[in-house]
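Here the protein sequences line up with chains A and B, keeping their order.
The first sequence lines up with residues 1 to 110 when you count with the numbering used here.
The second sequence lines up with residues 1 to 116 when you count with the numbering used here.
Heads up, some of the hints might be wrong.
[To be verified] 25 angstroms max Cα-Cα, derived DMTMM-like pairs, lysine to aspartate or glutamate:
#: 1; chain 1: A; residue 1: Lys-45; chain 2: A; residue 2: Asp-77
#: 2; chain 1: A; residue 1: Lys-45; chain 2: B; residue 2: Asp-30
#: 3; chain 1: A; residue 1: Lys-93; chain 2: B; residue 2: Glu-18
#: 4; chain 1: A; residue 1: Lys-93; chain 2: B; residue 2: Asp-57
#: 5; chain 1: A; residue 1: Lys-42; chain 2: B; residue 2: Glu-44
#: 6; chain 1: A; residue 1: Lys-93; chain 2: B; residue 2: Glu-83
#: 7; chain 1: A; residue 1: Lys-45; chain 2: B; residue 2: Asp-57
#: 8; chain 1: A; residue 1: Lys-93; chain 2: A; residue 2: Glu-5
#: 9; chain 1: A; residue 1: Lys-93; chain 2: B; residue 2: Glu-44
#: 10; chain 1: A; residue 1: Lys-45; chain 2: B; residue 2: Glu-44
#: 11; chain 1: A; residue 1: Lys-42; chain 2: B; residue 2: Asp-63
#: 12; chain 1: A; residue 1: Lys-42; chain 2: A; residue 2: Asp-77
#: 13; chain 1: A; residue 1: Lys-79; chain 2: B; residue 2: Glu-44
#: 14; chain 1: B; residue 1: Lys-68; chain 2: B; residue 2: Asp-56
#: 15; chain 1: B; residue 1: Lys-24; chain 2: B; residue 2: Glu-11
#: 16; chain 1: A; residue 1: Lys-45; chain 2: B; residue 2: Glu-11
#: 17; chain 1: A; residue 1: Lys-42; chain 2: B; residue 2: Glu-11
#: 18; chain 1: A; residue 1: Lys-2; chain 2: B; residue 2: Glu-14
#: 19; chain 1: A; residue 1: Lys-2; chain 2: B; residue 2: Glu-11
#: 20; chain 1: A; residue 1: Lys-42; chain 2: A; residue 2: Glu-15
#: 21; chain 1: A; residue 1: Lys-2; chain 2: A; residue 2: Asp-39
#: 22; chain 1: B; residue 1: Lys-24; chain 2: A; residue 2: Asp-39
#: 23; chain 1: A; residue 1: Lys-2; chain 2: B; residue 2: Glu-104
#: 24; chain 1: B; residue 1: Lys-78; chain 2: B; residue 2: Asp-30
#: 25; chain 1: A; residue 1: Lys-45; chain 2: B; residue 2: Glu-14
#: 26; chain 1: B; residue 1: Lys-68; chain 2: B; residue 2: Glu-14
[Stated by the list, open to error] Taking CB as the label site, the calculated pair distances span:
#: 27; chain 1: A; residue 1: Leu-46; chain 2: B; residue 2: Glu-44; range: 13 to 21 angstroms
#: 28; chain 1: B; residue 1: Pro-84; chain 2: A; residue 2: Lys-42; range: 21 to 29 angstroms
#: 29; chain 1: B; residue 1: Ile-55; chain 2: A; residue 2: Ser-28; range: 19 to 27 angstroms
#: 30; chain 1: A; residue 1: Asp-7; chain 2: B; residue 2: Ala-97; range: 33 to 41 angstroms
[To be verified] Reference excerpt, derived from the structure (chain A facing chain B, CB under 10 angstroms, subset only):
#: 31; residue: Phe-11
#: 32; residue: Val-13
#: 33; residue: Lys-42
#: 34; residue: Arg-76
#: 35; residue: Gly-103
Honestly, the hints are just simulated from the structure, not real lab data.
Positions of the beta carbon are idealized from the N, C-alpha and C atoms, including for glycine.
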Amino acid sequence: RKEVEQDPGPFNVPEGATVAFNCTYSNSASQSFFWYRQDCRKEPKLLMSVYSSGNEDGRFTAQLNRASQYISLLIRDSKLSDSATYLCVVNRKGYSTLTFGKGTMLLVSP
Amino acid sequence: DAGVIQSPRHEVTEMGQEVTLRCKPISGHDYLFWYRQTMMRGLELLIYFNNNVPIDDSGMPEDRFSAKMPNASFSTLKIQPSEPRDSAVYFCASSPARDRGYNEQFFGPGTRLTVL
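Isolated chain B (complex conformation) (with noise of 0.2 angstroms):
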């Protein structure tokens, strides 16, 4: 079975310009998370969705960054503009329902994001 497919695996943009992450989720998962991951920080959820509708962006470092879950195989995460301070790691990670308790989260190769 596929995993949790990212786009592009690496990125490397100039101050200013536009970057889009591209997400995958494993088909049948509810749930849907973004992450950022730095030396610094380590791994920081930014934003969440269950069944494609965001519950807690309260993790979104600013405006600039923005997260779309058009349909149940597919999420988006923008900034713009980028700034070299983005420069990370950026993972998506997928799980099933919740039933009683919690489940797994799988997560996808990251994005590495350099932004010059």
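Next comes chain A alone, as it looks inside the complex (with noise of 0.2 angstroms):
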């Protein structure tokens, strides 16, 4: 099993929609979450952190789940300008590394 997992998409949607996307994780040590966002051709760069009580940033809003074991990122009235891939990435306790999923591509339609 992959240590963090995400539906790859593409998710499609008109602007103005709201759109979720999860992500599994596999290692219960895990300590730190967050949201990347990858445009195509670019590097990733931070979105935002997913703190265990959720967390919101204007239309982004992040939510954890620890028993499940799952992480949410909810976009609400999306932009095209949010047409990227989100990478869902955590950190395990006492590592300085960080895990990422594959991504889940995200394209917003006018």
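Reassemble the complex: the two chains are provided individually, in unrelated frames, and hints are given to aid placement.
Encoded structure:
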């Protein structure tokens, strides 16, 4: 079983739609969780961290369910500029490294 | 501020040739990571350094790959000899010192390698 699993998509949504991605992780020792965004032919960039209590940043909401070992990202009022691949990322306690999922592609159309 | 700098941005070479990828991390960052990204395997960690010292190279695919960090502002990833299956995008990333928690990794623009 892969350490971080995501639905590759693509998710095709119209502008203004709400879309949600899930990600599961296998290692219960995972401590920190993140969503990175990667535009086509660009480098990954941190979108937001994911906190146990859930957190929101504008149109983006991230949630963590430790019992079920999954992380979610909700995007409200999708914009064309949200089209990208969203990478789920986990960090194991005591480790300096990150483990990346293969990403979920989002395509927002007019 | 300058981000992570990588060169070259694109490299096309023939099988058997030596390839050297270069990275300049963000000044003041203690950690440097080399990743490889392909459609099939996603983003894979190859090796990382802390204060110029290699800490974990278990992700390096085989002896044809080597990495060095001679000083805090420069690192290289070398493939010798290169093979077509090495074709991928190679990213370098850096992060500041880890305190009690985790610190964000900042990625360079990547080197797109094609081995013919």
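Each hint tested on the structure:
With a CA separation close to 21 angstroms, the supplied pair Lys-45 (chain A) and Asp-77 (chain A) stays within the 25 angstroms bound. The straight-line distance between the Cα atoms of Lys-45 (chain A) and Asp-30 (chain B) is roughly 19 angstroms, inside the 25 angstroms bound, and the hint therefore holds. At most 25 angstroms may separate the alpha-carbon atoms for a hinted pair to count; Lys-93 (chain A) and Glu-18 (chain B) exceed this at roughly 37 angstroms. Restraint check for Lys-93 (chain A) and Asp-57 (chain B): satisfied, since their Cα atoms lie roughly 19 angstroms apart, inside the 25 angstroms limit.
In summary, the hint linking Lys-42 (chain A) to Glu-44 (chain B) is supported, as the alpha carbons are separated by about 16 angstroms, within the 25 angstroms threshold. The suggested pairing of Lys-93 (chain A) with Glu-83 (chain B) is violated, with an alpha-carbon distance near 36 angstroms, which exceeds 25 angstroms. Using a Cα cut-off of 25 angstroms, the hinted pair Lys-45 (chain A) and Asp-57 (chain B) holds, with the two alpha carbons roughly 23 angstroms apart. Restraint check for Lys-93 (chain A) and Glu-5 (chain A): satisfied, since their Cα atoms lie roughly 19 angstroms apart, inside the 25 angstroms limit.
Restraint check for Lys-93 (chain A) and Glu-44 (chain B): satisfied, since their Cα atoms lie roughly 19 angstroms apart, inside the 25 angstroms limit. Taking the CA atoms of Lys-45 (chain A) and Glu-44 (chain B), the gap is about 16 angstroms. The hint holds against a cut of 25 angstroms. Proposed proximity of Lys-42 (chain A) and Asp-63 (chain B) is contradicted: the alpha carbons are some 28 angstroms apart, above 25 angstroms. With a CA separation close to 24 angstroms, the supplied pair Lys-42 (chain A) and Asp-77 (chain A) stays within the 25 angstroms bound.
Proposed proximity of Lys-79 (chain A) and Glu-44 (chain B) is contradicted: the alpha carbons are some 30 angstroms apart, above 25 angstroms. Restraint check: the Cα-Cα separation between Lys-68 (chain B) and Asp-56 (chain B) comes to about 12 angstroms, which is no more than 25 angstroms; the hinted pair holds. As the CA atoms of Lys-24 (chain B) and Glu-11 (chain B) are separated by approximately 18 angstroms, the hinted pair is consistent with the 25 angstroms bound. The hinted pair formed by Lys-45 (chain A) and Glu-11 (chain B) meets the criterion: a straight-line CA distance of about 23 angstroms does not exceed 25 angstroms.
For the hint pairing Lys-42 (chain A) with Glu-11 (chain B), the CA-to-CA distance comes to about 16 angstroms; that is within 25 angstroms, so the pair holds. The straight-line distance between the Cα atoms of Lys-2 (chain A) and Glu-14 (chain B) is roughly 33 angstroms, outside the 25 angstroms bound, and the hint therefore fails. Straight-line distance between C-alpha atoms of Lys-2 (chain A) and Glu-11 (chain B) comes to about 31 angstroms, which puts the hinted pair past the 25 angstroms bound. Between Lys-42 (chain A) and Glu-15 (chain A) the CA atoms are separated by roughly 23 angstroms; this keeps the pair inside 25 angstroms, and the hint holds.
A distance of roughly 23 angstroms separates the Cα atoms of Lys-2 (chain A) and Asp-39 (chain A); the hinted pair therefore holds under the 25 angstroms criterion. Annotation: proposed proximity of Lys-24 (chain B) to Asp-39 (chain A) holds, straight-line Cα distance about 22 angstroms (limit 25 angstroms). Proximity of Lys-2 (chain A) to Glu-104 (chain B) is assessed by CA-CA distance (about 23 angstroms); at most 25 angstroms being required, the pair is judged to hold. Proximity of Lys-78 (chain B) to Asp-30 (chain B) is assessed by CA-CA distance (about 21 angstroms); at most 25 angstroms being required, the pair is judged to hold.
For the hint linking Lys-45 (chain A) to Glu-14 (chain B), the alpha-carbon distance of about 31 angstroms lies beyond 25 angstroms, and the restraint is violated. Restraint check for Lys-68 (chain B) and Glu-14 (chain B): the C-alpha separation of about 23 angstroms stays at or below 25 angstroms, so the hint holds. A hinted range of 13 to 21 angstroms holds for the C-beta pair Leu-46 (chain A) and Glu-44 (chain B), which are about 19 angstroms apart. Range check, Pro-84 (chain B) to Lys-42 (chain A): about 24 angstroms between beta-carbon atoms, so the 21 to 29 angstroms window is met.
Look at Ile-55 (chain B) against Ser-28 (chain A): about 24 angstroms separates their beta carbons, and that is inside 19 to 27 angstroms. As the Cβ distance of Asp-7 (chain A) to Ala-97 (chain B) is approximately 35 angstroms, the hint placing it in 33 to 41 angstroms holds. Violation of the interface hint for Phe-11 (chain A) is found here, the shortest Cβ-Cβ separation to chain B being roughly 17 angstroms, above the 10 angstroms cut-off. For Val-13 (chain A), the suggested interface contact is broken, since its CB lies about 23 angstroms from the closest CB of chain B, more than 10 angstroms.
About 7 angstroms separates the beta-carbon of Lys-42 (chain A) from the nearest beta-carbon of chain B, less than 10 angstroms, and the hint is met. A least Cβ separation of about 24 angstroms between Arg-76 (chain A) and chain B goes past the 10 angstroms threshold, and the interface hint is therefore violated. The closest approach between the C-beta of Gly-103 (chain A) and any C-beta of chain B is roughly 7 angstroms, which is under the 10 angstroms cut-off, so the hint is satisfied.
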